[in-house]
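There are 2 protein chains.
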Amino acid sequence: MKSIAEIITIGDEILAGATLDTNAHWLTGELVTLNIPVLRRHTISDRTEEILHVLRSLSDDTGIVILTGGLGPTRDDITKKTVTEYFGGKLIFSESLFQEIQEKLKHRNRTIPESNREQAMIPDNARILPNPMGTAAGLCFKDKKGRHVYLVPGVPEEMKSIFNESIRPELTKLPGEKIRVFIYKTTGIMESEIVDRIDEGLNDFPMVKVGYYPSVYGVNLKMTVKENEVGTVEPRLRDFLYNRLGDTIYTEGDRDITEIIAEKLTTRGWTLSVAESCTGGLISHRLTDIPGISKVFTEGLLTYSNEAKIRRLGVSVNTLKKHGAVSEETVIEMARGIRQKSGTDTALSVSGIAGPAGGTREKPVGTVWICALTPEKEKTIRIQFNKGRHMNKHFASQAALNLLRKLLL
Amino acid sequence: MKSIAEIITIGDEILAGATLDTNAHWLTGELVTLNIPVLRRHTISDRTEEILHVLRSLSDDTGIVILTGGLGPTRDDITKKTVTEYFGGKLIFSESLFQEIQEKLKHRNRTIPESNREQAMIPDNARILPNPMGTAAGLCFKDKKGRHVYLVPGVPEEMKSIFNESIRPELTKLPGEKIRVFIYKTTGIMESEIVDRIDEGLNDFPMVKVGYYPSVYGVNLKMTVKENEVGTVEPRLRDFLYNRLGDTIYTEGDRDITEIIAEKLTTRGWTLSVAESCTGGLISHRLTDIPGISKVFTEGLLTYSNEAKIRRLGVSVNTLKKHGAVSEETVIEMARGIRQKSGTDTALSVSGIAGPAGGTREKPVGTVWICALTPEKEKTIRIQFNKGRHMNKHFASQAALNLLRKLLL
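If you're matching them up, the sequences are chains A and B in order. Once you know that position 292 of the first sequence is 293 in our numbering, the rest is easy, because the numbers rise by one and skip nothing. Once you know that position 62 of the second sequence is 63 in our numbering, the rest is easy, because the numbers rise by one and skip nothing.
Identical copies look the same in the list; a pair holds intra-copy or inter-copy alike.
Derived DSBU-like pairs: lysine-lysine, alpha-carbon spacing no greater than 35 Å straight-line:
{"hint": "1", "residue 1": "K296", "residue 2": "K380"}
{"hint": "2", "residue 1": "K105", "residue 2": "K161"}
{"hint": "3", "residue 1": "K388", "residue 2": "K364"}
{"hint": "4", "residue 1": "K161", "residue 2": "K364"}
{"hint": "5", "residue 1": "K105", "residue 2": "K82"}
No wet-lab data here; the hints were simulated from the structure.
With the sequences and hints as input, model every part of the structure.
Shown next as structure tokens:
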């Protein structure tokens, strides 16, 4: 079997513009990590002729096809029937699968609709892949060219669970080179600056495939190394990257900066409070996405109005009058104020102009002041970035979290 | 030209699993609204043979093709060259376009890289579509079958701006039935309940195409009506929907519930403060995504710890001891407390168990209490919903905003 994949998404709701195709995106990421390049992705409707068209147009290079179906049992059936017949089989009723589905639904106290009989119709030319999360089983067809064609339901949880439990183990066993992907996440540094710092030095690592992936929270580096070279290459590569990029790397692997901060606070036994203005609660929202954060994070205040800054944080009227709400003096008073009032060990504050209105010549939209405090250190920075209100909030939240992270190093 | 479309996305970063294909999603939504069904979507790499393959496999039914390119100028060129030659043309250097690009870059104080000469190479068999946001122009080829093949850059802002300014006006002029799409957004009601209430009655509207689109914030209804029937059908349809669904419809058109709340507060001249616990700042974050919200929204407090609830909001130690942080009594004291301390006219409070830990037999994970206050009314509700920490936060934020919205009706 050739290790090149195509992904087919069958979904009228996607072609109606209502649903973002996150299944194909997730599958792509998983396949790439397994060293299986994705040649093409297709999104088609659940019509027989469309399914046949895409099956007929598969590349000769393709050895693996993953086809994710629509959402309802009825829709899945068109796909199942079409693919079964395309590969020369037919659907037969499986009493044992039917019993199994009924058991599952009984456990959930659900009534058993007639359409579930359809879900117990299985191809006589495919292997069944169990679905731990639902009632529609996954299927694996093998065609004359040796291709594996996997059929999985479109419900993301079910698709992922069948992939993880049945498909991934098969793909891992494929002959061919095994690879490992190392992720280094950076923030507070431009992609071009990273390239300047590491591009030449990477010539010493011809065996490493390098990918740069910029996002609003920073640039992620993906380093792909052959499994049998990991031992010799990875420690040297790691040293090289930290040597050149230093503390702009905030984590290895796929974690958020908030998890790193939570970890560091927990290790030190320190607590945190946050005073926000232009980020509008986003920093608190991001921190509280981490389970168990309540052990270190006690309160987050969005002091949007000047009055709230004065009353809640003790920012002085004078400072606001003299320097304005978006100033170094104000964010220092905000951070000191919330730390004192909340009794935490560390504090973070942000004030800026998210836009679209509110900018001036000296302080244009996108101007943001940030202050971070620990028992040992106090630091302020000013950033300037304008990509619209929504992006400004995200960018400022990341810059603030990053300032705190660096003080915790 | 036939009004059926295919969308081709060329992007190695998408096939590397690094980038979500939001361009295709956006274009699909726009085309569907223009009554142009999207037959297929393709994602391929920027290799000549892949581009040729997909062009050759276009359906005979397809009259419109939109091809979005990769991100860099170098990558765009492979696409441009391949498509130009496929349609029998060649690239020629345009001195005037080159001057224009240089002017644009000068205005932004940017250096002019040599690769911009490439961007001034234009096909001799295509129309140029100006790019107001960048330097890579859009192109329109017309093939022998009368198909229009549009080529636009992959940078989302540039793609959207070329679509809006050049492509949309052309597509609007296409012969064929014009349609109008009416969106009704509901919240706090299950999809099955909506179906129960309106499905039969919709038989009186055979000329209306109905779509149900569930999301975490509620179910959106899309009603498609032929342009020439709008006058007779839409007022009757509207009456019918409000009659059956009442105030579960929070808006028509594509607006967020926070915009509706901001509008209602502004109309009444009322201000708002918010006290959050389990939603972790998400309500404040969602409210502050609305430009100008600072006029009505003064502060949002994430009082995560009991101490913060006592100190910041004046919740009584007794209430917390007797009823717990997740209780009707606590959310009432939170809402009254923040309203009093912040001096706003209205207030909203939420306390619950986001999970994964912290649940008990009486108050399992997903239990949320909400209180909303206006000068005239006070209302509390309890909701129960557990789809994981992240979803619980989003669901609770929407339920809270919806409670406030209903008090403002």
